[in-house]
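Chemist: If you want the building blocks of each chain, they are given just below.
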Amino acid sequence: MSETKTVLDFEKKIIEIEERIKTVSALAKDSDVNIDKELNRLQLKLEKQIKMSYTNLSPWQRVQIARHPGRPQCLDYVKALIEDFVPLCGDRVFADDPTMIGGIGRYHGISVVVIGQEKGTDLETRVKYNFGMAKPEGYRKAQRLMDLADKFNMPVICFVDTDGAYPGIESEARGQAEAIASSIQKCLQIHVPLISVVIGMGGSGGAIAIATANRILMLENSIYSVISPEGCASILWRSADKAKDAAEALKLTAQDLKTLGVIDEIVTEPIGGAHRDTMATMEKVDEAIYRHLQELMQLGRDELKKQRNEKIYEMGHHINFEEIKG
Amino acid sequence: MNWLSDFVRPKIKKTAQKEIADDLWLKCPHCGKLLFTKELKKTWYVCPECDHHLRLYLNKRLKMLFDNGVYTEVALPQPPEDPLKFKDSKRYTDRLKAYRKATGNEDAIKVAKGTVGGVKCVIAALDFSFMGGSMGMAVGEGIVKAAEIAVKSKIPLITVSNSGGARMQEGILSLMQMARTASAVNYVKENGLPFISIMTDPTTGGVSASFAMLGDIHIAEKGCLIGFAGPRVIEQTIREKLPDGFQRAEYLREHGMVDIVVHRSEMKNKLAMILNLLMSNTDNNSESKATKTKKQA
Ligand SMILES: [Zn+2]
Ligand SMILES: [Zn+2]
Chain A
18 MSETKTVLDF EKKIIEIEER IKTVSALAKD SDVNIDKELN RLQLKLEKQI
68 KMSYTNLSPW QRVQIARHPG RPQCLDYVKA LIEDFVPLCG DRVFADDPTM
118 IGGIGRYHGI SVVVIGQEKG TDLETRVKYN FGMAKPEGYR KAQRLMDLAD
168 KFNMPVICFV DTDGAYPGIE SEARGQAEAI ASSIQKCLQI HVPLISVVIG
218 MGGSGGAIAI ATANRILMLE NSIYSVISPE GCASILWRSA DKAKDAAEAL
268 KLTAQDLKTL GVIDEIVTEP IGGAHRDTMA TMEKVDEAIY RHLQELMQLG
318 RDELKKQRNE KIYEMGHHIN FEEIKG
Chain B
2 MNWLSDFVRP KIKKTAQKEI ADDLWLKCPH CGKLLFTKEL KKTWYVCPEC
52 DHHLRLYLNK RLKMLFDNGV YTEVALPQPP EDPLKFKDSK RYTDRLKAYR
102 KATGNEDAIK VAKGTVGGVK CVIAALDFSF MGGSMGMAVG EGIVKAAEIA
152 VKSKIPLITV SNSGGARMQE GILSLMQMAR TASAVNYVKE NGLPFISIMT
202 DPTTGGVSAS FAMLGDIHIA EKGCLIGFAG PRVIEQTIRE KLPDGFQRAE
252 YLREHGMVDI VVHRSEMKNK LAMILNLLMS NTDNNSESKA TKTKKQA
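Residue numbers (my numbering), protein chains in the order written: chain A, 18 to 343; chain B, 2 to 298.
In case anyone wonders, no lab produced these hints; they're calculated from the structure.
Heads up, a few of these hints could be off.
[What the hints assert, rightly or not] Rough simulated footprint, nothing fancy, chain A against chain B, three-plus residues with beta-carbon under 8 Å:
hint	region
1	172–182
2	220–233
[Said to hold, decoys possible] Computed cross-link-like contacts, DSS-like style, restricted to lysine-lysine with a CA-CA straight-line distance of at most 27 Å:
hint	chain 1	residue 1	chain 2	residue 2
3	A	Lys-145	B	Lys-242
4	B	Lys-153	A	Lys-322
5	B	Lys-153	A	Lys-342
6	B	Lys-190	A	Lys-322
7	B	Lys-155	A	Lys-322
8	B	Lys-190	A	Lys-328
9	A	Lys-259	B	Lys-86
[Unchecked claim] Chain B is nowhere near these chain A residues, computed Cβ spacing over 10 Å in every case:
hint	residue
10	Asn-73
11	Leu-74
12	Thr-138
13	Val-279
14	Lys-301
Just so you know, even glycine gets a beta-carbon here, dropped at the ideal spot from N, CA and C.
Take the sequences, apply the hints, and build the full model.
Modeler: Below, the structure written as structure tokens:
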């Protein structure tokens with residue numbers, strides 16, 4: 018996926034064993050020595066190590082996994098889950114924003130609209146997708162596609178993965194604030210099922226613009242936050258080095274958001290994280306989306322809109338505060 | 002990357018308190034002239050020397066907008082305090098205590114009912130002097146409450162934004178207020194009632210990217226800062242100096258985001274005129290001319 022393999026700090030031991038397995042296997046090819054026993058031993062050791070490294074992850078470690086460049090992105094989900102996908106372009110006002118993926122396709126035989134941010138996997142694609150940071154035209158494209166969905170009674174599936182909306186001169190000139198506000202409003206106006214899945218980074222306003230949904234799902238190691246841990250640290254701690262502390266304080270993990278009643282479900286990732294097994298991740302996400310979609314399709318058009326608005330009104334009102342650690 | 006502007010910084014507190022304390026004189030942050038508070042009160046805190054609009058404290062703003070300065074404050078529901086048990090160098094609960102003491106207000110919003118230009122309406126106004134006017138659950142509750150009043154009483158909703166963005170210390174729950182307030186003002190609009198958004202210095206981040214930008218009509222106070230990202234964040238991202246007048250009210254009007262830029266001295270009259278124009282043909286105003294004409298016909 019990425020040109021140079023990213024190794025997270027707490028994954029180092031895993032990588033060491035993986036390298037060892039590779040070396041031993043290579044040796045075996047060139048000699049008659051039976052190394053099955055050694056390989057078995059290493060394989061068991063590897064599984065144990067992955068399990069160990071991936072239990073009790075800290076919020077900061079989850080931030081790192083959520084940002085892992087090898088993690089499946091929006092287009093991977095589209096490729097795996099959507100048939101007959103027709104990408105659509107443009108906001109009909111100014112431009113097409115490549116960051117904001119959008120199109121129509123078939124999901125389990127149902128015509129759907131798909132929207133989501135793509136971050137890119139290598140330098141070239143990262144530049145193409147502006148590192149997953151959409152501009153106003155991206156959020157206006159999202160609105161246009163939600164209108165289309167509403168008109169043709171097609172459920173909307175959003176894959177959320179952005180560090181945030183793009184902060185630049187052109188963004189401000191074209192009204193980034195208005196574009197995000199209107200995108201949130203559009204989410205609240207349509208009469209079709211809207212399911213948002215935070216697959217990596219749920220970065221503040223840029224994320225909620227397409228995540229004001231009937232059902233909000235989060236992958237186990239994704240995060241969703243009002244501000245990046247670095248940004249928060251530099252404002253409140255006056256030092257970006259305190260990002261780790263900010264990540265703890267912000268309560269930005271899927272587990273925290275479930276406790277806070279902001280999301281509906283945590284989609285478990287394969288052991289070792291989504292970046293270790295894309296196919297297994299797709300299967301789990303597919304199962305969850307399909308289950309929620311079937312439930313939502315029982316509701317009428319006005320009920321769907323009402324549910325979404327009531328859900329957001331109630332948010333934060335039924336928290337069990339004893340479960341929240343200071 | 003974040004969209005929270007650099008305004009939600011505690012160091013602002015000192016200048017904010019000065020304004021509240023009604024000191025004998027103030028220094029104009031623009032021209033540097035020393036100005037008597039007594040004189041400033043007459044101009045609603047517009048510098049008589051350079052016409053700079055100083056920050057106008059919440060109560061004065063409400064007094065300025067409502068007819069004869071008369072209004073009824075609405076009690077707001079109290080959301081759970083410090084939902085995340087947030088602590089940086091200070092506890093969030095301690096910060097709240099300090100701001101409550103300094104401002105005499107529970108949080109960064111007040112909601113009030115009254116008339117503007119003879120039209121009954123509800124105004125929800127934010128307060129920069131309370132933690133940079135940042136939007137957490139309390140501000141969200143205030144906007145929701147104001148919207149409910151508007152719909153119930155069939156009267157227009159007016160918001161006065163004065164905020165650097167989301168309240169970080171409430172984490173994801175502050176982000177959710179963007180959707181809550183968007184839903185609330187949408188409810189007003191879907192009921193055929195006007196929602197007028199007034200933007201003052203500053204209106205950025207989570208406030209500008211939610212209810213503030215969803216008005217039927219947008220009025221901005223002369224020279225005020227309006228934007229999604231704070232200027233500092235943008236400068237850091239693009240590593241360039243920002244052009245003159247960037248993200249100012251006039252810039253926003255030029256770029257199609259704001260209808261009217263007004264001098265503070267004209268704001269009340271402009272608002273009154275707009276409310277009267279919007280309400281005179283609708284069914285919501287039973288005494289309106291249009292209904293009367295219909296009855297006569
Ligand atoms: Zn409807
Ligand atoms: Zn001056």
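Chemist: It remains to establish, for every hint, whether it holds in the given structure.
Modeler: To see whether the hints hold, each was checked on the structure:
1. 172–182: With 9 residues in contact (Cβ-Cβ under 8 Å with chain A), the coverage given for the region 172–182 of chain B holds.
2. 220–233: Satisfied; 4 residues make the cut.
3. A/Lys-145 to B/Lys-242: 25 Å, holds
4. B/Lys-153 to A/Lys-322: Given that 27 Å is the threshold and the Cα spacing comes to 21 Å, the pair holds.
5. B/Lys-153 to A/Lys-342: 39 Å, violated
6. B/Lys-190 to A/Lys-322: 15 Å, holds
7. B/Lys-155 to A/Lys-322: 22 Å, holds
8. B/Lys-190 to A/Lys-328: Given pair B/Lys-190, A/Lys-328 holds - Cα atoms ~19 Å apart, limit 27 Å.
9. A/Lys-259 to B/Lys-86: Roughly 18 Å separates the two Cα atoms, so the pair holds.
10. Asn-73: Non-interface label on A/Asn-73 holds, nearest chain B Cβ at 20 Å vs cutoff 10 Å.
11. Leu-74: A/Leu-74 is indeed farther than 10 Å from all Cβ atoms of chain B, at 18 Å.
12. Thr-138: Answer for A/Thr-138: holds, closest chain B Cβ roughly 19 Å.
13. Val-279: 5 Å, violated
14. Lys-301: Consistent with the label, A/Lys-301 stays out of reach of chain B, its closest Cβ about 23 Å off (over 10 Å).
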